[in-house]
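A.B. asks: One letter stands for each residue in the lines below.
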Amino acid sequence: MRSARAMGADGRVEGGLRLTGTSPWARVLGLGTIYGKTLRDSRRAILLVGLLGGGFMLLSAAPYGVEFTTVASRQALVAQMTALPAVFRGLLGEPINIDTLGGFLSWRTGNVLPVMLGMWSVVALSGTLAGEARRGSLDLLVSTPQGRRSIALQKLAAHVTGVVIAMVLTALLTWIGGRAFAVLPGDDFPIAAAAGFALLAGLLMLSSGSVAFAVGPFVGRTRALGLGLLTLFGGYLVSSYAALAPQLDALSPLSWYAWTEHHRPLAGVTDWPPVALLAVVTAVLLGIGVVGFERVDVGQAGRLGWLRLPGLPAGIRGPFVRQFSDRLAVALAWGVGIGVYGALIATSAKQFAESIGSLPQMVDLIRIVYPNIDINQPSGLLQLAFYAFGSLMVGLAGVTAVAGWATDERNRRLDVVLSTPVSRAAWAIRSGLGVMAAIAVTTVVLAGCMAIGIASAGGSIVEPVLGSGVLGLAAAGFAAVGLAVGGVVRSSLAAPVAAALVIGTFLLDTLGAALDLPQAVLDLSIFAHLGQPIAGVYEPVGLIVAGGLVVGGVLLGAWGMQRRDIGE
Amino acid sequence: MTTVIQTERLTKTYGIHRGIVEVDLVVDEGEIFGFLGPNGAGKTTTMRVLLDLIRPTSGRAEVFGIETTLDPVAIHRRLGYLPGEFDLYDRLTGADTIAYFANLRGGVDAGYVASLVERLDLDPSRRFSEYSKGNKQKVGLVIALQHRPDLLILDEPTAGLDPLIQQTFFQIVREAKAEGRSVFLSSHIIDEVDRTCDRVAIIREGRLVQVDTIEAIRRLAFHHVELSFSQPVAGAVFSGLEGVSDVEVDDSVVRMRVAGPIGGVLAAAAPHGIVDVVSREPNLEDVFLAQYGRGGETVDAVGAGDGR
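So the sequences go chain by chain: A and B. Mapping of the first sequence onto the working numbering: position 455 corresponds to residue 455, and the numbering continues sequentially without gaps. Mapping of the second sequence onto the working numbering: position 163 corresponds to residue 163, and the numbering continues sequentially without gaps.
Quick caveat, the hints were computed from the structure, so don't treat them as lab data. The beta carbon of each residue, even a glycine, is placed where N, CA and C say it ideally should be. A portion of the hints provided could be inaccurate.
Here's a subset of chain B near chain A, in silico, CB distances under 10 Å, partners left out [what the hints assert, rightly or not]:
| no. | residue |
| --- | --- |
| 1 | GLU8 |
| 2 | LYS12 |
| 3 | ILE16 |
| 4 | LEU70 |
| 5 | ALA74 |
| 6 | TYR81 |
In isolation and in its complexed conformation, chain B is listed as follows (with noise of 0.2 Å):
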């Protein structure tokens, strides 16, 4: 499979400030790659470097087999890029700016443009000072998609769009996975980028913690697991099993968040007259908020890697 973006130990710093450190990632051409984090975490500073805005401090990164910093513009033909934060021409319509970065790119299919501007819902004739945010993130995101690029490296994509758009713009990045095209997002809707990512990468105060497939971290995430007994148990017969953590017990009822396999819990509740068990599987915004809210306890178990 073809590499289409590849950092090897990519450090950026702003001065004394920590941006993104040894940061390792592959994405592979045809994938989905969601990338998590929360507010200030490097996924912006990763995404910016990729696109050659700003400089490595160290290490290097290459999108479509090319170092960012040698022929950025080689890069830029193939990719479609849309900022978190960003501010077009006040003075020109919604179509004149779409129509100003079509002609910046030679030329686009104007055909697909206006399907791009029927179903994000745009009105393309006033000025972009009087659109509202969700109107100019859908005119970011024509900008972004209008020529079909090979890589699209989209920063917040869906800020200000509201439930229904949101759902279309993930059917639009579905159907470029679908064309052979790759697609490097950002996004806080964790359910979205769980039902559509190939694979994901969390990063953490500049860090890579985590890199797999949605499945793989399912699997090896921890799982919500609540015991139903015929009479109390003491939370000490499970609090002292490996993978066991977050131990509550409630009458006969014992609660536990469980990382691995959970034969060892049943094992230890057999003897106590077991009634009832229920263990739910973790979704990615479990992992996500796991990572963030408790010390990552899931690091180790699935590195970092090599970024695949």
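Bound conformation, chain A alone (with noise of 0.2 Å):
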């Protein structure tokens, strides 16, 4: 019980009462503290993250087990892995070992999972503070007893202890799969080895977020958000393909996936210097944002009129420009993002050309696997290096556009909108159609950056065009699932939806086949039945079903926002 008596120095106040201190339970219950609480709302998403991580881990490790079962299929893996030039190696790196179990986990999971689960940190350490500031928490948080740093130290505590608890459970899981897995000498791997790897996964993680952390307090949650998704797929894409392009070769020092390509704990190499390096840039970024956070007005960051963005129109003609122009500023960011980043894979399209043409075995193979794609143009090379991860990159700018949508009604915007003569179906195909608006922006972008750098190297610019715009077409599907979703069951649950799908896919296209996932499964991917849209090949009945999607998902949106209530 509290009381506003005069207190003692013993705690007792005037009449014998004593203020109570935070019972156990409480503590349990995580209302102890900013840190307790913290984690407290993490749990889910810890939850997941582990489970998610050592699940992939797991499931990379059956197949492998199964199919590679003699020296001879490994010793033929090995072979032909090493062999394929950095752009079919693309995105898992430099096969290290992987005639074992734990090279082979390493090389073909492990390091794309870092990418994928260092979107939780992003967006945490992004928006934990900026988040309390602007529900109006934070200012209730600094005026109670406790400091802005503590304050700030504790809610970073809370995210660092949910990545540890989420790494243990991969590393744990990752350990199962390699003891139940292993068939030939050298595939066990001990629970260090695991916890190596998690350790690595876990920093990793963390880098991106700390980025977005340290320039929180200083350009806003927005801004700190993109810089740290930037740092997070960026750094991830030229250490990829460094070997691809001078451009991204050069940029490969500032990438920490570049600094830790050598440790590979599960592979029996280990390089702890780089990880021990790249602690302790996170722990300097991290204490960058305490100090900043200590530093700067409490609910003021973002202000900083110098970084604002030149004006967009506002959009109030209706609910579909309204809609348009609120999510234009991060289509836009989005489109320029994976945009540069195609348009330096495309620069690089002729020593590739040049490169691959001195390996006549390899051209021979590229014209067998792929018959309609011509590597010497710079769209076949995009067709190859791009088109997966710049599937993955347009999708979740297509999530983002549908997180934003989903905000009208969480905010209770919707209420108001909807006590004018506007219906509710007219409100959810006006706005779906304004996020379908805002990703056609993001393709109409990107594909006009490749296609400067499709020009600067020289070659047709029509096929990458056209295929941006089948990229666009999957994620406005892939969106339009979200707003089906948002308008018949709740919107918040539209964002995630996309997200799962869009992750989903990608996961299942990368992954799929070296899991040896039935057919049915793989075709499940729409990008199964796309073509190879960025060389010009294209697959009518994907195209159908994307369009359907689009189509189909806004109109079951509008349907289904008529029938429930709204706000709740």
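Please dock the two separately framed chains into a single complex, following the hints provided.
C.D. replies: Structure follows, in structure tokens:
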């Protein structure tokens, strides 16, 4: 019980009442400290990240232990993979000791895992303080007898604890996978190796999050999120394709994925100094975030006028324009980010063609596997090196548009809008089309950037531009599924569902074959039915399905919106 | 008199949680109707059902004679709504925000909007995200009022407003009534509701417990009665009388609450050498507090009836 009456040094107040401290039960429930409360709020995400990370490692171990049971079969795999030029190895990185289960796991799944899971760290660390400020709860927190440094440190410690818990879970499941599917001598890696792998994965996740945390107090949540994602994806792409283009190679010293590319504990190879350096850099960035939070005005981050983007149209003519206008800035940013990546690859087409031309066997192999692709053209290279990751990125751009759309209901804007003579269905359709228009902007900007890159290298820009449109159509299809779920069930589910579809499809495309999934499962990916559009090869079935998803999703969302309560 | 709002046994539940239960309510054209109740009583739920933002679990609601679930757009053309909690577009200025909602209504009288902005002392040039809570509320009020709707549904319209702007707001509400328009509002500024509203409804735990004119509620509610005698008098003289409660004796002064006529109290006091009588008429706040603080002694005295 608390009292406003005078309190003595022993904590007693007049009348014999005593102020109680935080009860053990409250601490268990996470209500005793900011640290506990933040950890409590993250519990589902922690569990999800840990299970996803460990689950993928476990699932990747299974087919390897079943298919590659002899030394000969593994040597054949090694020969094939090491012969591939960097463009084909692409995002999987250098194959290190893939004739062992640990090496294979590290290469096939472990390398990409921190990028996928790192989105959590970026989102969480860009928003943990800014989110409180946005809600107004930060003022209340700061008004308690907690210093700002303490608040920032507790928030930070909670996230780091969450990452540690998730990585412990990942390490355990990885180790269990190693024990369960080890076949040949050398397959059975120790738990220390799994822990070493998880440590690096956790650090890589945190590092991009730490960028967002460091700049957040100065530039605001949205820009911090963007910068964090830029280092997360950009650093990985630079590291993966450094060998492909001199421009990317020049950037590789800035990528911590490149620093740590030789640290693969599961493969029996360790390189601790870069890992220690990464830990130091991450700690410094997190420290900058803490000090920054101490020094800036509470809730005033992002008001740096000189960082403001040029004004965009207000968009007040109706729900379509309003939605489009609110999504436009982020859509442009996505388009430029993905487009620059595509343009960099396109500009390296000539060098790639020359290097591949010196390997006649490789040329023959490509002609067999990709008969419709001309690797001497930028469009062919983009299809091979850009398409898969580009599809993920454009898909995620669509997800952010859907997430923005959902805030209209969550923030009760929709209550005011629907008190006007705009029907629910009309709003759902018009705002949904606004989301689609935002995705179209991302696509057009992406196509434009790639066209510029191709023009500088020489080659036809028609196919890549049309192929970008196909990527945009697929992203719009995913977004429309989110809109449908948001309309029928509730809008807060729209972005998570769309994100699950985008990431799930990407993982299915990149890991499905390695996991030896049945063809029927692999065919669930829409990209299995879209041909090789950046190279000018189209499959009408996929295009029709994607178009159907767009139209059907928006209409279904409108139908659902008419039937359910708003804001509940 | 034309009815603008009518609900019949209107019930809304959220899973296992209560929203409102069998609410019968009638609001007539040209009246200002106050809707009172503590937080969580069901005021917002009722208003959101009237807007068709949420659908009744059972019962029905009509606005302008149109069932809310059948043609909400036709209803929305003629009403203005201010939610109790809302957020608008951070990037837009106040002027842009107001213009957007004007566009959704097909245009409004710009002169009237300008007068509202001026009277509410709103700076429309700032971004919505930069407004204080009170200024955001002003933007919401302009949005609700700008098209001169036939019916205003306002959920806590004075929240965050300074006293001067509160006065201006209630003046605007009275002007709306003078023009024959109707207002259905909830508020915690009971003094203003007392002065402004023609009728009030009190809702408690999802059920209407009282609906009547302010005068009728006052008449039928208790009086605070203070009797001064020439010598001390036992409280038992009064505590058994009909309608009497909370008898307090302070030497030769006896205080009590009396529901209904006080003639019986005066008759009982007369033989004891009464020196002075003070009877204070209850205000709406007394009624409201009685409903919530004392278990609703007046519920039976003033039944919710047919909601009129």
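A.B. asks: Return the numbers of the hints above that this structure violates; sort them in rising order.
C.D. replies: 1, 3, 4
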